[in-house]
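2 protein chains.
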Amino acid sequence: MKKFAFIFLLSIFLLNSCTDSSPEKKATTVNEMSKNNFGLVIHGGAGTILKENMTPEMEAQYEATLKKAAQKGYEILQNGGTSLDAVEQTIHILENSPLFNAGKGAVFANNGKNELDASIMEGKTLNAGAVAGVTNLKNPISAARKVMENSDHVLLARQGAEEFAALQGLEIVDTSYFYTEARFKSLQKAKMGNQDKAAYIDPYIKEYKYGTVGCVALDKDGNLAAGTSTGGMTNKKWNRIGDSPIIGAGTYANNKTCAVSSTGHGEYFIRAAVAYDISAMMEYKSMSLEEAAKEVIQNKLKKMGGDGGIIAIDTNGNLVAEFNTPGMYRAKVDENGNITVGIYKE
Amino acid sequence: MKKFAFIFLLSIFLLNSCTDSSPEKKATTVNEMSKNNFGLVIHGGAGTILKENMTPEMEAQYEATLKKAAQKGYEILQNGGTSLDAVEQTIHILENSPLFNAGKGAVFANNGKNELDASIMEGKTLNAGAVAGVTNLKNPISAARKVMENSDHVLLARQGAEEFAALQGLEIVDTSYFYTEARFKSLQKAKMGNQDKAAYIDPYIKEYKYGTVGCVALDKDGNLAAGTSTGGMTNKKWNRIGDSPIIGAGTYANNKTCAVSSTGHGEYFIRAAVAYDISAMMEYKSMSLEEAAKEVIQNKLKKMGGDGGIIAIDTNGNLVAEFNTPGMYRAKVDENGNITVGIYKE
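Which chain is which? The protein sequence lines are S and H, in order.
The first sequence runs contiguously to residue 347 in the numbering used here.
The second sequence runs contiguously to residue 347 in the numbering used here.
It is possible that part of the hints are untrue.
For identical chains, the list gives no copy identity; a pair is met inside one copy or between any two copies.
Under the rule of at most 25 angstroms between Cα atoms (straight-line distance), these lysine-lysine pairs were calculated in the DSS-like manner [unchecked claim]: (1) Lys-68 <-> Lys-125; (2) Lys-286 <-> Lys-186; (3) Lys-125 <-> Lys-286; (4) Lys-301 <-> Lys-125; (5) Lys-304 <-> Lys-257.
Simulated from the structure, these hints should not be mistaken for lab results.
Build the full structure now, drawing on both the sequences and the hints.
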């Protein structure tokens with residue numbers, strides 16, 4: 002009898018041990034280590050951002066604006082505000098700065114206009130809203146939020162989106178608001194180089210860069226949100242829409258897993274469904290946010306030839322910024338208000 | 002010693018048995034049963050399609066057109082053509098028929114125009130192309146293919162997409178081409194009912210239906226492709242874009258897993274990333290195509306409140322049509338040329 006009892010106990014142990022060693026269990030344990038009760042990550046674009054091309058003055062300007070935006074989001078979350086409010090208002094600061102390719106600093110399309118895209122999603126309800134190709138809205142991220150909250154739709158485009166935003170009382174600006182000399186020169190340069198090629202040459206760092214700003218946040222109630230806003234690519238033609246207004250590519254949030262905002266060569270991000278893929282790997286393969294982000298950005302996307310990066314936060318407040326380019330403007334804030342700003346590879 | 006040997010063997014057995022019972026192993030076996038070396042599935046929309054609302058004449062017309070389209074695709078594949086050609090040319094037949102909400106039969110937007118969306122993707126390269134809100138292209142699916150093959154972009158919108166398609170030599174039609182009395186009456190009816198509500202009342206079946214046509218195919222070289230084309234929702238406002246031109250929502254193809262085309266309440270399909278989700282469940286959870294399609298359409302999408310369905314084919318030629326509405330116009334063709342047409346629930 003003793004022998005059988007021993008075998009029985011051993012069997013139970015072995016069955017348990019093989020359950021324990023499954024990836025599902027392992028990752029759950031990793032995920033269960035809560036990093037922050039609340040927090041946020043922001044980005045201001047990824048690309049060939051190299052220290053040798055940057056002046057100390059420009060570096061200081063980028064850092065100060067990223068810090069200001071992160072601080073704003075932190076205050077909202079610290080005061081018990083929603084992740085949705087934190088995302089929207091943090092992005093306002095980036096949209097209102099001429100430094101980033103979104104809102105005020107948006108690049109010029111081939112037709113000499115600024116065509117802006119944005120999207121937002123909340124993890125609790127999986128509600129989402131987006132606008133594409135708007136030309137007269139000061140803060141496209143707020144238009145995306147209005148689409149989410151006050152329409153039956155997810156994605157509205159161009160004049161239609163502008164009419165809807167006007168009905169919602171959002172701030173309309175003259176299209177000249179988006180004129181910045183530096184961006185206009187970038188368009189001329191791009192046109193001289195290749196009439197048909199859309200790209201984004203950052204006038205400040207004199208290099209190839211993907212613009213776009215974004216923010217992901219976790220609030221004290223455990224709700225995730227993500228938002229992205231962009232001017233797209235300099236010299237873009239034919240009313241091209243990139244990944245920023247595409248839910249699942251440029252933006253995704255799900256309280257089960259994580260919130261993600263992308264920046265990079267949008268066409269690859271759409272084809273790879275980048276933002277949703279990170280969530281799917283966490284949900285279906287029980288990977289941690291860090292593992293999933295690394296797999297998608299450093300392996301899958303790179304193999305396809307796609308440059309760029311993402312910021313993300315999971316339900317445990319893990320803060321991630323993953324990119325396969327030399328640099329990405331970014332900032333992380335933890336629940337203690339510690340802000341870490343980064344520009345180049347660490 | 003004998004006791005230890007017995008325990009050792011039992012341990013090996015238990016460890017093995019728990020590995021064998023993992024879902025990964027089970028599903029791989031199911032997937033390995035090849036159904037067809039080539040084949041295709043098409044759809045012409047899902048919704049409240051009930052036999053009692055349908056005349057025998059209308060039923061015969063729908064069935065004949067679905068059969069003609071399926072036959073066309075089969076001939077291309079049988080002769081060694083690509084899945085991409087089969088998808089494009091099959092969809093042409095559906096776009097050129099007034100019966101379906103795509104191309105010729107597209108519904109009217111609130112502004113009295115017909116605004117068409119389409120997308121296409123090939124599983125071998127993960128290349129994709131799409132157009133949104135085009136008003137003068139006879140076959141939007143071909144414009145999507147041109148975007149994929151002859152531009153650096155994935156998604157072009159409205160006038161820009163029309164200009165690009167014209168440069169590519171595609172057939173431009175007068176906007177009056179898309180006038181059909183039945184659809185125009187549907188718009189008037191929708192406007193009378195609720196000025197702001199976008200919906201799709203099918204004039205033939207007098208019921209609520211999601212239009213959209215689509216095709217997924219596997220060719221003799223083992224390459225998958227998927228395509229979707231639609232007129233969107235009757236009475237849609239503000240240049241609303243649904244899921245049909247969104248890669249990952251309305252259309253997805255990946256030679257690793259499957260090709261999917263969606264039809265339904267587009268906003269839910271975007272938020273749930275329906276087409277990519279089915280592929281992700283196959284890739285990450287080793288589910289069969291049937292299992293993944295059922296889980297997404299009957300469980301996840303339904304819980305969110307989303308109506309509609311998908312057609313799909315995997316690398317082993319399994320043919321799937323899954324919908325959570327009373328009916329979906331559909332047809333399947335196997336490698337022997339057997340065509341199965343369906344309208345209502347089986």
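Comparing the hints with the structure gives:
1. In this assembly of identical chains, the alpha carbons of Lys-68 and Lys-125 never lie at most 25 angstroms apart, being 27 angstroms within a copy and 43 angstroms across copies at closest.
2. In this assembly of identical chains, the alpha carbons of Lys-286 and Lys-186 never lie at most 25 angstroms apart, being 47 angstroms within a copy and 50 angstroms across copies at closest.
3. With identical chains, the CA atoms of Lys-125 and Lys-286 are at most 25 angstroms apart both within one copy (21 angstroms) and between copies (24 angstroms).
4. In this assembly of identical chains, Lys-301 and Lys-125 lie within 25 angstroms of each other by CA distance solely across copies; the values are 15 angstroms between and 28 angstroms within a copy.
5. With identical chains, the CA atoms of Lys-304 and Lys-257 are at most 25 angstroms apart between copies only, with a shortest distance of 15 angstroms across copies and 28 angstroms within one.
Checked against the numbered hints given earlier, the structure breaks hints 1 and 2 and satisfies all the rest.
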